[in-house]
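Visitor: Residue strings, one per chain:
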Amino acid sequence: MKKRGKGIGSIFYGTGYGNGFPDVSRSVAVLRKDGKVKIYTGATEVGQGSKTVLSQIAAETLGISIEDVIFICEDTSITPDAGTAAASRQTYNTGNAIKKSCEELKRKIIDVTVKASGADAWEEINLRDVALNHKGQILKGEGEFIAETTEMKDETGQGNPYWPYTFNVYGVEVEVDTTNGVVEVIKAVCAQDVGRAINPKLIEGQMDGGFAMGLSYALFEDLNIKNGEIKHNKLTNYLIPTAMDVPDLEKIIVEDPEATGPYGAKGIGEPVMIGVAPAILNAIYDAIGVRITELPATPNKILLALKKKREVAL
Amino acid sequence: MKEIKLKVNHKDYHVAIEEDMRLLDLLRNRLNLTGTKEGCGEGECGACTVIMDGITVNSCMVMAFQAENREIFTIEGLEKGGRLDPIQQAFLDEGAVQCGFCTPGMVLSAKALLDKNPKPTREEIREGISGNLCRCTGYNKIVDAIEKASEYRKEE
Numbered sequence: 001m002k003k004r005g006k007g008i009g010s011i012f013y014g015t016g017y018g019n020g021f022p023d024v025s026r027s028v029a030v031l032r033k034d035g036k037v038k039i040y041t042g043a044t045e046v047g048q049g050s051k052t053v054l055s056q057i058a059a060e061t062l063g064i065s066i067e068d069v070i071f072i073c074e075d076t077s078i079t080p081d082a083g084t085a086a087a088s089r090q091t092y093n094t095g096n097a098i099k100k101s102c103e104e105l106k107r108k109i110i111d112v113t114v115k116a117s118g119a120d121a122w123e124e125i126n127l128r129d130v131a132l133n134h135k136g137q138i139l140k141g142e143g144e145f146i147a148e149t150t151e152m153k154d155e156t157g158q159g160n161p162y163w164p165y166t167f168n169v170y171g172v173e174v175e176v177d178t179t180n181g182v183v184e185v186i187k188a189v190c191a192q193d194v195g196r197a198i199n200p201k202l203i204e205g206q207m208d209g210g211f212a213m214g215l216s217y218a219l220f221e222d223l224n225i226k227n228g229e230i231k232h233n234k235l236t237n238y239l240i241p242t243a244m245d246v247p248d249l250e251k252i253i254v255e256d257p258e259a260t261g262p263y264g265a266k267g268i269g270e271p272v273m274i275g276v277a278p279a280i281l282n283a284i285y286d287a288i289g290v291r292i293t294e295l296p297a298t299p300n301k302i303l304l305a306l307k308k309k310r311e312v313a314l
Numbered sequence: 315m316k317e318i319k320l321k322v323n324h325k326d327y328h329v330a331i332e333e334d335m336r337l338l339d340l341l342r343n344r345l346n347l348t349g350t351k352e353g354c355g356e357g358e359c360g361a362c363t364v365i366m367d368g369i370t371v372n373s374c375m376v377m378a379f380q381a382e383n384r385e386i387f388t389i390e391g392l393e394k395g396g397r398l399d400p401i402q403q404a405f406l407d408e409g410a411v412q413c414g415f416c417t418p419g420m421v422l423s424a425k426a427l428l429d430k431n432p433k434p435t436r437e438e439i440r441e442g443i444s445g446n447l448c449r450c451t452g453y454n455k456i457v458d459a460i461e462k463a464s465e466y467r468k469e470e
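One line per chain: the protein sequences are A and B, in this order.
Anchor point for the first sequence: position 211 equals 211 in this note's numbering, and the numbering is continuous, going up by one each time.
Count along the second sequence from 1, then add 314; that gives the number in this note's numbering.
Think of the hints as simulated: they come from the structure by calculation, not from any bench.
One or more of the hints may lead you astray.
Here are the simulated DSSO-like pairs of lysine-lysine, each with C-alpha atoms no more than 30 Å apart in a straight line [claimed, not checked]:
{"id": "1", "chain 1": "A", "residue 1": "Lys-201", "chain 2": "B", "residue 2": "Lys-468"}
{"id": "2", "chain 1": "A", "residue 1": "Lys-309", "chain 2": "A", "residue 2": "Lys-187"}
{"id": "3", "chain 1": "A", "residue 1": "Lys-51", "chain 2": "B", "residue 2": "Lys-462"}
{"id": "4", "chain 1": "A", "residue 1": "Lys-187", "chain 2": "B", "residue 2": "Lys-462"}
{"id": "5", "chain 1": "B", "residue 1": "Lys-394", "chain 2": "A", "residue 2": "Lys-201"}
{"id": "6", "chain 1": "B", "residue 1": "Lys-462", "chain 2": "A", "residue 2": "Lys-201"}
{"id": "7", "chain 1": "B", "residue 1": "Lys-433", "chain 2": "A", "residue 2": "Lys-201"}
{"id": "8", "chain 1": "A", "residue 1": "Lys-187", "chain 2": "B", "residue 2": "Lys-433"}
{"id": "9", "chain 1": "A", "residue 1": "Lys-106", "chain 2": "A", "residue 2": "Lys-36"}
All figures in this text were calculated on a predicted structure; none of them were measured in a lab.
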């Protein structure tokens, strides 16, 4: 018999390395000869969209178009360190560093134009002219952002391990086939607090991706470690979802600007996957009345839990 | 060694291959068409998908000699005169690319699907790309992109 159930899962997530671990991002902004601006930062693009979002932050701060931002990242021989693309920290941490470097570049450009012609209104300054008139001079701004974090005290559990925090909630509907134990997620919705959405389309992409990974974690992925050896060591037996296993996700972006974030933005890379598994497990409970306490919730585990429930009832 | 003739992206090739060479290696190492990716190398992930005589195949599971006198399309064969194929454009417009590793295979599976079924439903699209695994996107934006590509192709 196929039984349906609904469940929700809600989480909060601390951005950055946390617990007092040094968390620093740096950026350098340089005015090019043709009036375009080069941004140097170590931030790594792994497909999450940091190149786009960080270029947008630079363009916004300098009031120039994104085509005039030349974004140079990843090459450690020419870029300043901006930490890892991890802990959902690049938009917030490196975004802040880039904003600072662009603000400093802006101040330096205004300084030279005031000296040269008295012009101090940013809107009236033509960056190409500035670059032409100050050929011998390198105009650059440096930015460093150090995340707020203190070590938590073991005895009291007090401290300020992370800043900022991000919140989300998932709601899912599942269908459980009680004859073979297969769980299918048929409907899902995610509401994600983002601080401020610098690029809504990229945020949606992160939500879709996090949802699929969370679903996969809840229902499919099993390393099957026996005596320290990974038995499911290929895609033939280590299952991840196909396009047919992932339903459409309704995506709700919640904007509540974070005072310390670049233009109010926060990172969402990891938060978007955390709430999925609890929501699915709650939906399974709602559908068939059994609690699955070990992931993944494979058909075998569902059938065993149902059998146990029937035995207890007898 | 064996000599074979085949057509890749409208171009005729006459190449010498080893008997145990895979089509994937012929494309990447001999013809320098590195847009085709090797993922799992065992026919599970679809990253190496190419179109052979109108049908998608995993080029890691096809021997090079099996491509004799066949017509192959790889991701490099899609653009026309410097213009992206409507499917490629739709992938860009919908944000259907994240790390990009599955993208060439996804785009070719989408092409094979749309060539046969110009206006597929979302379910049909999901089925059409079910042989291509993606770790980043959660597939939804890819499904959106293929829906959009279907519209773009109608306009052309």
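Visitor: With the threshold set at 30 Å, check whether the alpha-carbon distance from Lys-309/A to Lys-187/A stays at or below it.
Guide: Holds, because 27 Å separates the two Cα atoms, which is no more than 30 Å.
Visitor: Is Lys-187/A close enough to Lys-462/B, meaning Cα to Cα at most 30 Å?
Guide: holds (22 Å)
Visitor: Given the hint that Lys-187/A pairs with Lys-433/B, does the C-alpha gap stay at or below 30 Å?
Guide: Holds, because 24 Å separates the two Cα atoms, which is no more than 30 Å.
Visitor: Next pair to validate is Lys-433/B with Lys-201/A; report whether the Cα-Cα distance is within 30 Å.
Guide: holds (24 Å)
Visitor: Would you check the hint for Lys-462/B and Lys-201/A, treating anything up to 30 Å between C-alpha atoms as holding?
Guide: holds (15 Å)
Visitor: Has the given pair, Lys-201/A with Lys-468/B, been kept, meaning a C-alpha gap of at most 30 Å?
Guide: holds (25 Å)
Visitor: Are the Cα atoms of Lys-51/A and Lys-462/B separated by 30 Å or less?
Guide: Status holds; Cα separation ~25 Å.
Visitor: Hinted pair, alpha-carbon criterion (30 Å max): Lys-394/B, Lys-201/A. Please report holds or violated.
Guide: Roughly 28 Å between the alpha carbons, so the hint for Lys-394/B and Lys-201/A holds.
Visitor: CA of Lys-106/A to CA of Lys-36/A, is that 30 Å or under?
Guide: holds (13 Å)
Checked against the numbered hints listed earlier, the structure breaks none of them; every hint is satisfied.
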